[in-house]
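Listed below are the residues making up each chain.
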Amino acid sequence: MSRIGVFVCHCGENISRTVDVERVAAEAARLPGVAYATDYKYMCSDPGQNLLKNAVTEHRLDGIVVAACSPRMHEKTFRNAAKSAGLNPFLCEMANIREHCSWVHEDRDEATAKASDIVAMMVARVKKDKRLVPITVPVTKRSLVIGGGIAGIQAALDIADAGHQVVLVEREPSIGGHMAQLSETFPTLDCSQCIMTPKMVDVANHPNITLHTYSEIEAVDGYIGNFQITVRKKARSVIEEKCTGCGVCSAKCPQKKIPNTFDKNLGTRPAIYVPFPQAVPNTPVIDRANCTWFKTGKCGVCQKVCGPGAINYEQEDQLIVEPVGAIVVATGFELYSITEKPKGSPIKGYGEFGHGTIPDVIDGLTFERLASASGPTGGKILRPSDGKEPKQVVFVQCVGSRAREKGISYCSKICCMYTAKHTMLYKHKIHDGQAYVFFMDARTPGKSYDEFWRRAVEEEEAVYIRGMVSRLYQKGDKVVVMGSDISVGVQVEIEADLVVLATAVQPRAGADTLAQKLGISYDSYHFYSEAHAKLKPVECATAGIYLAGACQGPKDIPDTVSQASAAAAKVMTLFAKDELEREPIVAKVNEKNCVACLYCKKVCPYGAVEEKEIRDRQGNLIRVVAYVNPGVCGGCGTCQASCPSKSVELDGYTDEQIMAMIEAL
Amino acid sequence: MNTTAQQLDTTAIAPAVYATITDAICREAEKALESGAVAAVVGWQAGRRQGTAMPAIVTTPADTDKLIFSPACVNNLALYLSKAKKEIRARGKIAIVVKGCDLKALVGLMGENQLKRADIHVIGVVCPGVRGTSEPLAKKCRECTVHTPEGADVTVGTLPELPHFTPAESEELARLEAMTPAERWSFWKEHFARCIRCYACRQVCPFCYCEQCLCDRNRPQAVETTPRPAGNMAWHIVRAMHLAGRCAGCAECERACPMDIPLNLLNRKMAKELKELYGHEAGFEVKEKGPLAEYRENDDQSFIK
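The listed protein sequences correspond, in order, to chains U and A. Residues 1 to 665 (the UniProt record's numbering) are what the first sequence spells out, left to right. Residues 1 to 305 (the UniProt record's numbering) are what the second sequence spells out, left to right.
Same shape as in the complex, but just chain U:
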């Protein structure tokens, strides 16, 4: 006969307001196998835990049910308490009578009856609980960072500085990300590249960092502490070890009219190129889609002029397998485009803004390139259509963002500040120019942020108009901006030379595909989801994977860098131990019954199921059965559900336990 202890928690008033906890305890005491039942105001408090520990000794309990909140909150607390009282911690279970009962019901009698049922079910389950021992798995103290923007750079440097190996994977030919494209940064107006390039150089020179640029994640296998990452290193057509970065190939390349994506297509570049002067690594890459050699098989100029003989047209994509223990995802963002969207996309385009066909209507990042000294105009603000200096510039905020009717309801967070910055940069370069800003409201919470915005309005004389723009159209060489000023209730029409749209921050295209490879969750916009909005802001729900930067949600540079360092700290915490202790809630195969149809292997999302050969003493194969690797098993129970003969079961959730719970109802 079992000797189960039941502890019913009031949770202050959270539970006792709706559930008669004393009655629940009294009814639990009458359940067969329950040796002791009581209620207490705060079970998670020290006295509450002591109550539990003392009861274990006093009443010789061999199982515990704590009827309180979700096991997500306090299962660990009570299991530890049970452990310190000498009980196997996995003989302690929680009955959730808060989230599953008191918080969702109003009728006291009915809620109390339901709470009693929940307790009775858990008592039935605990009776059939096994004594489990935690599983230990080794940790590979090597980290993967996906994305070489400022988030990825910071996370990689922090982890590498702590003495651990880091593999940094970047999709583009150079690290740097969006920050490398910016001219100046708010709220201090220091040059973006000046503060960023030292970090890029650090990455290039760091002995602990292995850098794979022009590379993508092909496949992710394994689990926390033991991931196997397959990286596709795309063919650069340039041998990195031989290239000296002299730049002769780019200078001599006859194909020079390719739109430069780094400059938002404002300038052009050759077919063999480095994206920008400070690129890391300073190794060019051949854009095969536009290279004459690859298109026609004739040319080969770069190969002829290359002194060290670094050009290799036959180079192929390489697949590299990197074993790592932790992953930091820092894939960043891209800007919403106002062009017409393909059918089926939940996000609509802006027909009223000309669907992106008016040349002098640009987005914020394009303006950054215009204002940047390294940009296509050498830092002169000239409009794209005719290269004239714009004397009237209209900035429009919240394009896409906070526009439910367009499909995006969130705030992109950085636009208020960068638009204020743009007005200043503009005023500093074109003194007789006038900047107008259409805005809903200025959101400037951040250190020195509001002061910065006020400076734009009060000192730099940007005219802020509270209201939205309804239409943009070309009239002669002007762009007519039709909007409303809701603070005075009038319609406004401005003939602008240039219009800059603060378009919404969106996750990178393909963010969902990467998430599926990694097995992490994402929201409806494809921003990656953190495990807890407040208390686990950098962890993913998938163990061993952490988030940094705008891939998780719109963020400015200070927030991104902070989060990157936080993610790095989490990785270091993981690496502080040689072995990882995992919950032993894993599936086990009943080898006697298993017929090796391997349905479990087909459905296992963790790749934990293998084939196992059973041999006799002479080594003759008797049969093949399925085997669950406990280190890899995530304890989801999918195999259990799919097994036709019920030959695989999850410890703690066996069919016997589930049936007992149902019967206890």
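Note that these hints are calculated values from the structure, not bench results.
One-sided excerpt, in silico: chain A residues whose CB lies under 10 Å from chain U:
{"#": "1", "residue": "84"}
{"#": "2", "residue": "207"}
{"#": "3", "residue": "209"}
{"#": "4", "residue": "211"}
For each residue, glycine too, the CB sits at the ideal point set by N, CA and C.
Here the structure of chain U is known, so what remains is to put chain A in place on it, guided by the hints.
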């Protein structure tokens, strides 16, 4: 209804066709055994009563002349290659005589890791049709799409011209689908009420190869074992669900049922659902993952309400 087809006996279709196939099977079996390529041949032999047939396992070239093919060769011999039949598998490489529908079961077993293609030699027969339990032509044969098996090592026989048959089973299924849920429920309740839980349907099914059937477990008991309505219903639902996406449509369950429960109707319905939802048809290629073992972003979610 096509009355000519109704009255047509399978032997009347083409008696010579069956005889030619019989000869060819014997030749192929003899060749395979003589060369030592296989250790045994699984086929059919004449039954004790006139006009019947039964499964046969032949291990010497001399015995191969007892193998036959006739309209009575209804058994799906794939059953004899499942792991449960250890004594046959232990002999080594096996040759097996299959009709198109039986071959689909073999393909399914390969996908489920029960069988390796290299371990078997498949003698496919071009089958014009076999007898049903009470009808001259089995219902499944009236709408057969695999008269000629694809992918056998050797295929014997040629298909004679067949008359057009009305698809009796599909018509019956359409009748059921047109019913209200309550009517359908009572249709099946009536049929399942007769079930005596002999499990003949399970024993004859090539896909019911589990060492221990979950329906035989008593700790915890998933399905009530006595032939009472609730347990009967549970058993037949478990059977239909476990076969969804796997059943190759040999209809052996229905043939073996002593209580004449139209079990293949359920199988056909499940197969139809799988085809409509996932474009999946069991038994045509060795698939690592069937549609029910795979998750795709664009899977049909409309059933979640």
